[in-house]
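Chemist: The residues making up each chain are set out below.
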Amino acid sequence: NAGVTQTPKFRVLKTGQSMTLLCAQDMNHEYMYWYRQDPGMGLRLIHYSVGEGTTAKGEVPDGYNVSRLKKQNFLLGLESAAPSQTSVYFCASSPLTGGPHETQYFGPGTRLLVL
Amino acid sequence: GENVEQHPSTLSVQEGDSAVIKCTYSDSASNYFPWYKQELGKGPQLIIDIRSNVGEKKDQRIAVTLNKTAKHFSLHITETQPEDSAVYFCAAPSEGGADGLTFGKGTHLIIQP
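From first to last, the protein sequence lines are chains A and B. Each residue of the first sequence is one higher than the last, beginning at 1 in the numbering used here. Each residue of the second sequence is one higher than the last, beginning at 1001 in the numbering used here.
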């Protein structure tokens, strides 16, 4: 099993450009999450999904959109990138049993730089 | 929402000594408290967790204690080794029905040889 994979690993954007980050998991998990990690701020939840076709807002959702069209994939979109969105983005998943109160498995992260 | 405070932000200990990291939380209804370890360039990985029906849990050299009355929980690492050097995060369930975790800001643990 590959676990949780993220694409791309690193990306540089100009202000105003758009992009989509892809997260894929092969563990048949129901729950998926997107976090951002900034120096000294820990991890903050952007959006999450409790199943295929569902999404919900987390702590810092502004400027991002998500979609969960397939159970194994969770996409994070930036419609118009801003320098404040420079960060490392982590995707995670967890099984239905226990949901978020169960082990969350994290991907390796995507480093995004917005100029 | 849930507020998780973590201390210290940096901790340096001699190899072989013990390390303790502490976290406090605000939501008295929280019932699940995981600890994650993040090595450089990697995603966080769960190392131990505790649920509110127990006060302590151990797994070899690591242990977590929970004080629900005081709303704090701690990570204890004994006989520290160089591979314990990493950033450690505590977490608690996000408040208000949101499904997710609220993380502390992390502790950079440095093991001095």
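Heads up, a few of these hints could be off.
Below, a list of computed lysine to aspartate or glutamate pairs in the DMTMM-like style, where the Cα atoms sit at most 25 angstroms apart [what the hints assert, rightly or not]:
id: 1; chain 1: B; residue 1: K1037; chain 2: A; residue 2: E79
id: 2; chain 1: B; residue 1: K1022; chain 2: A; residue 2: E30
id: 3; chain 1: B; residue 1: K1071; chain 2: A; residue 2: D62
id: 4; chain 1: B; residue 1: K1042; chain 2: A; residue 2: E102
id: 5; chain 1: B; residue 1: K1037; chain 2: B; residue 2: E1015
id: 6; chain 1: A; residue 1: K57; chain 2: B; residue 2: D1027
id: 7; chain 1: B; residue 1: K1042; chain 2: A; residue 2: E59
id: 8; chain 1: B; residue 1: K1037; chain 2: A; residue 2: E30
id: 9; chain 1: B; residue 1: K1068; chain 2: B; residue 2: D1049
id: 10; chain 1: B; residue 1: K1037; chain 2: B; residue 2: D1049
id: 11; chain 1: B; residue 1: K1042; chain 2: A; residue 2: D38
id: 12; chain 1: B; residue 1: K1071; chain 2: B; residue 2: E1015
id: 13; chain 1: A; residue 1: K9; chain 2: A; residue 2: E79
id: 14; chain 1: B; residue 1: K1068; chain 2: B; residue 2: E1039
id: 15; chain 1: A; residue 1: K57; chain 2: A; residue 2: E30
id: 16; chain 1: A; residue 1: K70; chain 2: A; residue 2: D38
id: 17; chain 1: B; residue 1: K1105; chain 2: A; residue 2: D38
id: 18; chain 1: B; residue 1: K1022; chain 2: B; residue 2: E1005
id: 19; chain 1: B; residue 1: K1068; chain 2: B; residue 2: E1002
id: 20; chain 1: A; residue 1: K9; chain 2: A; residue 2: D38
id: 21; chain 1: B; residue 1: K1105; chain 2: A; residue 2: D62
id: 22; chain 1: A; residue 1: K14; chain 2: A; residue 2: E52
id: 23; chain 1: B; residue 1: K1057; chain 2: A; residue 2: E102
id: 24; chain 1: B; residue 1: K1022; chain 2: A; residue 2: E102
id: 25; chain 1: A; residue 1: K9; chain 2: B; residue 2: E1039
Just so you know, the hints here were simulated from the structure itself, not pulled from any lab data.
Chemist: Determine for every hint whether it applies to the structure shown.
Modeler: For each hint, the structure was consulted:
Distance check on the hinted pair: K1037(B) and E79(A) sit about 32 angstroms apart at the alpha-carbon level, beyond 25 angstroms; violated. Taking the CA atoms of K1022(B) and E30(A), the gap is about 31 angstroms. The hint is violated against a cut of 25 angstroms. Taking the CA atoms of K1071(B) and D62(A), the gap is about 31 angstroms. The hint is violated against a cut of 25 angstroms. Under the criterion of a C-alpha separation no larger than 25 angstroms, the hint pairing K1042(B) with E102(A) is consistent with the structure, at around 20 angstroms.
Restraint check for K1037(B) and E1015(B): the C-alpha separation of about 18 angstroms stays at or below 25 angstroms, so the hint holds. For a cut-off of 25 angstroms, the pair hint linking K57(A) to D1027(B) stands: about 20 angstroms separates their Cα positions. Proximity of K1042(B) to E59(A) is assessed by CA-CA distance (about 23 angstroms); at most 25 angstroms being required, the pair is judged to hold. Distance check on the hinted pair: K1037(B) and E30(A) sit about 23 angstroms apart at the alpha-carbon level, within 25 angstroms; holds.
At roughly 15 angstroms between alpha-carbon atoms, K1068(B) and D1049(B) fall within 25 angstroms of each other, so this suggested pair holds. For a cut-off of 25 angstroms, the pair hint linking K1037(B) to D1049(B) stands: about 12 angstroms separates their Cα positions. A C-alpha spacing of about 14 angstroms is found between K1042(B) and D38(A), which places the hinted pair at or below 25 angstroms, so the restraint holds. For the suggested pair K1071(B) and E1015(B), the alpha carbons sit about 30 angstroms apart, so the restraint of at most 25 angstroms is broken.
Restraint check for K9(A) and E79(A): satisfied, since their Cα atoms lie roughly 19 angstroms apart, inside the 25 angstroms limit. With a C-alpha separation of about 29 angstroms, the suggested pairing of K1068(B) with E1039(B) is violated against the 25 angstroms cut-off. Pair hint K57(A) plus E30(A) holds up; C-alpha atoms about 16 angstroms apart against a cutoff of 25 angstroms. Between the alpha carbons of K70(A) and D38(A) the distance comes to roughly 29 angstroms, so the proposed pair goes past 25 angstroms and is violated.
The straight-line distance between the Cα atoms of K1105(B) and D38(A) is roughly 9 angstroms, inside the 25 angstroms bound, and the hint therefore holds. A threshold of 25 angstroms between alpha carbons decides the hint, and for K1022(B) with E1005(B) the separation of about 8 angstroms falls inside it, so the pair holds. Distance check on the hinted pair: K1068(B) and E1002(B) sit about 15 angstroms apart at the alpha-carbon level, within 25 angstroms; holds. At roughly 16 angstroms between alpha-carbon atoms, K9(A) and D38(A) fall within 25 angstroms of each other, so this suggested pair holds.
The suggested pairing of K1105(B) with D62(A) holds, with an alpha-carbon distance near 21 angstroms, which does not exceed 25 angstroms. At roughly 32 angstroms between alpha-carbon atoms, K14(A) and E52(A) are farther apart than 25 angstroms, so this suggested pair is violated. The straight-line distance between the Cα atoms of K1057(B) and E102(A) is roughly 16 angstroms, inside the 25 angstroms bound, and the hint therefore holds. A threshold of 25 angstroms between alpha carbons decides the hint, and for K1022(B) with E102(A) the separation of about 21 angstroms falls inside it, so the pair holds.
Our distance criterion of 25 angstroms between C-alpha atoms is met by K9(A) and E1039(B), whose separation comes to about 16 angstroms.
The structure is inconsistent with the numbered hints 1, 2, 3, 12, 14, 16, 22, although it conforms to all the rest.
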